[in-house]
Amino acid sequence: MIQCPPHAYEWNDPNLIRLLGKVGSPYLMTIFGRKPPECHREDGYTFLENGTIRMNPAFNSTPNVYILVLDSAGRYPALRQLKRTYAFMIDEMGAIDFTRYNHVGYTSRDNALVAFSGIIGEKADRSLFGGTILKSSFKCDQFLDNQSHIFFEFEDAGYQTMFAQDYPHDLYAYMDCAGYKNDFAAHLFRPFILLTTPQDSAERRTWSKIVERTLLEEHLLKPENCGRTFQHVLRYLERFIDSYEDSPKISIVWTNEGHDEEKGFRVSDHHYEKFLRDNREKLKDAFLIVMGDHGQKGGKIGDTEQGQFENLTPLMLFSVPQKLRDTPLEAMVRKNADQVFTPHDLHATLIDIVRNQAKIGFRDTNYLRINATRGNSWLRELDPDLPRDCQHLPIPAQGFKITPKLIEANFEAYLSENGVLELCEMARVENITKMRQVLLKEQLIAIRVEFFTAREAKFMVTFGIQPNGSLFMQPKVFVRLNRYHNTADCISAQKAALRPVCYCKAQEKGRVIV
Numbered sequence: 011m012i013q014c015p016p017h018a019y020e021w022n023d024p025n026l027i028r029l030l031g032k033v034g035s036p037y038l039m040t041i042f043g044r045k046p047p048e049c050h051r052e053d054g055y056t057f058l059e060n061g062t063i064r065m066n067p068a069f070n071s072t073p074n075v076y077i078l079v080l081d082s083a084g085r086y087p088a089l090r091q092l093k094r095t096y097a098f099m100i101d102e103m104g105a106i107d108f109t110r111y112n113h114v115g116y117t118s119r120d121n122a123l124v125a126f127s128g129i130i131g132e133k134a135d136r137s138l139f140g141g142t143i144l145k146s147s148f149k150c151d152q153f154l155d156n157q158s159h160i161f162f163e164f165e166d167a168g169y170q171t172m173f174a175q176d177y178p179h180d181l182y183a184y185m186d187c188a189g190y191k192n193d194f195a196a197h198l199f200r201p202f203i204l205l206t207t208p209q210d211s212a213e214r215r216t217w218s219k220i221v222e223r224t225l226l227e228e229h230l231l232k233p234e235n236c237g238r239t240f241q242h243v244l245r246y247l248e249r250f251i252d253s254y255e256d257s258p259k260i261s262i263v264w265t266n267e268g269h270d271e272e273k274g275f276r277v278s279d280h281h282y283e284k285f286l287r288d289n290r291e292k293l294k295d296a297f298l299i300v301m302g303d304h305g306q307k308g309g310k311i312g313d314t315e316q317g318q319f320e321n322l323t324p325l326m327l328f329s330v331p332q333k334l335r336d337t338p339l340e341a342m343v344r345k346n347a348d349q350v351f352t353p354h355d356l357h358a359t360l361i362d363i364v365r366n367q368a369k370i371g372f373r374d375t376n377y378l379r380i381n382a383t384r385g386n387s388w389l390r391e392l393d394p395d396l397p398r399d400c401q402h403l404p405i406p407a408q409g410f411k412i413t414p415k416l417i418e419a420n421f422e423a424y425l426s427e428n429g430v431l432e433l434c435e436m437a438r439v440e441n442i443t444k445m446r447q448v449l450l451k452e453q454l455i456a457i458r459v460e461f462f463t464a465r466e467a468k469f470m471v472t473f474g475i476q477p478n479g480s481l482f483m484q485p486k487v488f489v490r491l492n493r494y495h496n497t498a499d500c501i502s503a504q505k506a507a508l509r510p511v512c513y514c515k516a517q518e519k520g521r522v523i524v
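If you want the numbering used here, it's the 1-based position in the sequence shown plus 10.
Wrong hints could be hidden among the right ones.
In silico lysine-lysine, DSBU-like type, Cα no more than 30 angstroms apart, as pairs [unchecked claim]: (1) 294 to 333; (2) 93 to 292; (3) 93 to 415; (4) 369 to 292; (5) 294 to 369; (6) 444 to 486; (7) 444 to 307; (8) 307 to 415; (9) 310 to 273; (10) 310 to 133; (11) 345 to 292; (12) 415 to 505; (13) 415 to 310; (14) 486 to 468; (15) 307 to 468; (16) 133 to 444; (17) 93 to 273; (18) 333 to 345; (19) 505 to 486; (20) 149 to 133; (21) 93 to 444; (22) 444 to 273; (23) 333 to 369; (24) 505 to 468; (25) 345 to 93; (26) 415 to 273; (27) 515 to 415; (28) 310 to 284; (29) 133 to 415; (30) 333 to 93; (31) 415 to 345; (32) 294 to 93; (33) 444 to 515.
FYI, nobody ran anything at the bench for these hints, they're computed from the structure.
Generate the whole structure from the sequences, applying the supplied hints.
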């Protein structure tokens, strides 16, 4: 087993105090003890349990909540690179894949502000779809301490809170914003920030300067010592999970290995799967979320048109506690998972868990407006008066996309209207490869989409935008972009124009499938 060499620090050493931050507080994180511990288990991460809570402990039945945010993990990159983690969450943890989860901002902070505080970081201009403009409520130069944060809600319910990140820039104070003046969680893991920024970025404009490069490279990042940055936060999370047996816990862990290239997840995939497997018994009775903040914004894939589309759809895997599975509540979550959702809805769901559902044993699935949020709880019926479309949801126009479900519904209607639905297979969209705005006649803005079906047929279709924000095919035709050979021989000569869109249900043996 690899050994982690200790730092030659005494507890009163000012360098150690600067490295750890809150030495002497009732809750601190020590990094690498005086004795050389085993790297993967006894690594020196220790919790001195905080005996101070804001109110009386929550109900014994109150579940833990663990959120793992993988920076830049789009749903499609996750399916390519996080196969083991994805499979374990779905097969072993009963996770539900929210396939139409949409980001609401370009940056990590924009999406975090919405998901965990209900603060609009980037304005949502929905005028393209006939909606209003939601202005940003984030003030970069003002501290966030007096704003809402999900941790404050949970602390009021008796939860212990923990936030950990493995990258060197403060999530909320990035680019010289004020961020938080005081700690927003009872436990903070921030050695990478402290090695990079000697003072809070609101007080000194040196947010990108590494001031302890030797410590950073020789101890935290050196592979033969303790591994990669995400491994540090996973070990810290494991310690948190093992602490506070008599108190419920909520944590947000944010990792960064896939930020620049999705292939970074290839390295971390088996580590996440192993962490989940090793801690399965302790995680099975918790709300467990594995998610991305947005998709890839750069790199070899992020710079392509396909990558720009994938950027809009972060990963969102949501697992309910085992005791709530096979209940009306889980059935409601599964029913809702097919709808378009945003971080606003995640925020509403977390508020619903701690503020409402925990008090009634998670038995109510009726619609409830969650105060101080712009979202709908996934645990309940959705707002019947809120169409989940481009005009009404709090998503910037540039962040809304044409979905496979919309294309498939229009494809079915197209076959039906032309009288060939009984002869031709329904198209199942396998991959959307291009999506862009175009200008049609009379200043009509439209969205043009190219996609492949499961039968490897490639099509182009254009959707116009009505004044009320609804989408319609304009013109009403699917344009075939590759060859179809003899897969449409069931179509008569009178309807030959439909051959490019038809894959006959009855195919003769030996025929080419394209």
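### Task
Sort out which numbered hints this structure fails and list those numbers smallest first.
none
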